[in-house]
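Asker: As given, the protein sequences belong to chains L and C, one line each in that order. Going by my numbering, the first sequence opens with residue 24, and the numbers climb by one from there. Going by my numbering, the second sequence opens with residue 251, and the numbers climb by one from there.
Calculated from the structure, these hints are not laboratory results. All values reported here derive from a predicted model rather than from experimental measurement. Ideal Cβ positions, reconstructed from N, Cα and C, are used throughout, including at glycine. Incorrect hints may appear among the rest.
[To be verified] Quick list of the computed label-pair ranges, beta carbon to beta carbon:
id, chain 1, residue 1, chain 2, residue 2, range
1, L, Glu277, C, Val279, 31 to 39 angstroms
2, C, Gly295, L, Leu27, 31 to 39 angstroms
3, C, Ala357, L, Leu343, 30 to 38 angstroms
4, C, Leu266, L, Trp145, 17 to 25 angstroms
5, L, Leu35, C, Gly363, 27 to 35 angstroms
6, C, Gly295, L, Leu241, 35 to 43 angstroms
7, C, Val279, L, Ser57, 28 to 36 angstroms
8, C, Glu287, L, Val136, 57 to 65 angstroms
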Amino acid sequence: MEVLLPVVLKTLFIIGVAVGAFAPVITWIERKQSAVMQDRIGANRADIAGITVLGLLHPLADVIKLLTKEDVVPAGANRVMHMLAPVIAAVPAIASFAVIPYGGIYQFGDTTVNLVVADLDWGLLYVFAIASIATYGTVIAGWASNNNWSLLGSLRASAQMISYEVTMGLSVVGVFMVFQTLRLTDMGVAQDSTFRIFGFLEHFGLVESLGFLGHLTLPSWGILLQPLGFIMFLTCVMAENKRAPFDLPEGESEIIAGYFLEYSGMRFGLFYMSEFIEVVVIAALMTAIFLGGWSIPWLSQADIIGGITPVFGAGVATALCMVLHVVTFFVKVIVMIWLQMQIRWTLPRPRYDQVMDLCWKVMLPLSLANILVTGLVILLIQGAKS
Amino acid sequence: MLAEYTGAVVILAVALVLASALLGIHLLVGPRRSFAEKDEPFECGERPIVSPHQRFSVKFYIVAMLFILFDVEAVFMYPWGALFTELGWFGFVEMLTFVAVLAGGLAYVWMKGALEW
Chain L
24 MEVLLPVVLK TLFIIGVAVG AFAPVITWIE RKQSAVMQDR IGANRADIAG ITVLGLLHPL
84 ADVIKLLTKE DVVPAGANRV MHMLAPVIAA VPAIASFAVI PYGGIYQFGD TTVNLVVADL
144 DWGLLYVFAI ASIATYGTVI AGWASNNNWS LLGSLRASAQ MISYEVTMGL SVVGVFMVFQ
204 TLRLTDMGVA QDSTFRIFGF LEHFGLVESL GFLGHLTLPS WGILLQPLGF IMFLTCVMAE
264 NKRAPFDLPE GESEIIAGYF LEYSGMRFGL FYMSEFIEVV VIAALMTAIF LGGWSIPWLS
324 QADIIGGITP VFGAGVATAL CMVLHVVTFF VKVIVMIWLQ MQIRWTLPRP RYDQVMDLCW
384 KVMLPLSLAN ILVTGLVILL IQGAKS
Chain C
251 MLAEYTGAVV ILAVALVLAS ALLGIHLLVG PRRSFAEKDE PFECGERPIV SPHQRFSVKF
311 YIVAMLFILF DVEAVFMYPW GALFTELGWF GFVEMLTFVA VLAGGLAYVW MKGALEW
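If we strip away everything but chain L, and leave its shape as in the complex, we get (with noise of 0.2 angstroms):
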């Protein structure tokens, strides 16, 4: 019991905070925001006796009228598996927030609070076998609806999830390689922390001519360690989450609506949901390797909880800046968002084979480039010191 009670408050804060607020507020923002960037007014109609609230009451309306609609299943479809595939797709979504950790490691006495749910220590390893399974839900939903036009998204959907997982892969290897490590805490840790912009020229014994600028530095957050790694990992968990620009297996204007074609009601919904979750798990995710998870730019963990200590006592100052972490985590995530918001809103879909060409020819080399770049530097710097 004393192992599964805090789990359990875990899961049900993240699965609150993520699917709960985050995915039907994310409904809102896709439809403020993109009007907003096309010049309309965008959702304002859905009310209570008269109170729109900016057109928050939206995502209420949704629920309500996917739920109260009629679940159509085309004849000759699989019944079954057709209505297994919503389930497929939308439970990993929401299970990839396992591993993700939304504050750091604290101290209360003798009790160490660990805000993740899952601390596995493969846990990116985890993310990945997790969301390939989503893969699975979008293929059985084009067989099942015995529908040419679905039949056609779930093999787009497949070629192209299949090869972004390979790019996505190998894109964080770099991030591996600089923090040691798989594990989104052990990440997150090593991002609380900062380093010198010329400290390498030390070994030189440059960096006194420098001036105050030997001692400028920098969070030692992974998007400053590894710029193309995240740029290369935005795109492919991206394309993996088959949103525009690269919603090809939907494909609205050429195979009507793709794999999910012949689902109405709820189990459109799930499709739906599942789709917003995932915005919120790439978010989530980049913000653990790339954004430095929950630290505070230049302000340790340590020079926080010592900060205020002399103020409120030990208890107080390690909860108070629990909050604090919490409350930054979050912050950073919803920045991510509006991002993906933003490139989707942007971009045009490309042409499918230009799809598979920046996976294959462009990102693939790259991903491996980069690898070896990276190697190379770390040995360098690792050989300077010795």
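Keeping the supplied structure of chain L fixed, place chain C upon it in accordance with the hints.
Answerer: Chain C only, in chain L's frame:
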């Protein structure tokens, strides 16, 4: 040791309950008025003349084979990456050899036109 995995199991269970609850409520609440025309698979108003459940040429199988090849490579790189500083120059040269072989393979399929659409 196994205690680490309780979280993963719990979140999986919660996700399953959530998804099936939504589908269950929908089955209970949604109306049900079916007739032959509505149940027909959507084909822009035409009657479907070709069933999707027959043999079709899957051009995508080459991608699937390449995926297996390069995904094994990626999985091999994870432990190597996590132990990189310990392995040092030896590990770097080893991986360089491994990547060179695979890059040769990539160049070969590229030249053969397997990556053209």
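Asker: For every hint, state whether the structure bears it out.
Answerer: Status of the hints after comparison with the structure:
1. Glu277 (chain L) and Val279 (chain C) have their C-beta atoms about 34 angstroms apart, which keeps the hinted 31 to 39 angstroms range intact.
2. Remark: the range hint 31 to 39 angstroms for Gly295 (chain C) to Leu27 (chain L) is contradicted by a beta-carbon distance near 55 angstroms.
3. Range check, Ala357 (chain C) to Leu343 (chain L): Cβ separation about 56 angstroms, and the 30 to 38 angstroms hint is violated.
4. In this structure the hint that Leu266 (chain C) and Trp145 (chain L) lie 17 to 25 angstroms apart at CB holds, the actual value being about 23 angstroms.
5. For Leu35 (chain L) and Gly363 (chain C), the Cβ-Cβ distance of about 53 angstroms falls outside the hinted range of 27 to 35 angstroms, so the restraint is violated.
6. One distance hint, 35 to 43 angstroms for the beta-carbon pair Gly295 (chain C) and Leu241 (chain L), is violated here, with the actual separation near 60 angstroms.
7. Taken as a hint, the range 28 to 36 angstroms holds for the pair Val279 (chain C) and Ser57 (chain L), whose Cβ atoms sit roughly 30 angstroms apart.
8. Range check, Glu287 (chain C) to Val136 (chain L): Cβ separation about 59 angstroms, and the 57 to 65 angstroms hint holds.
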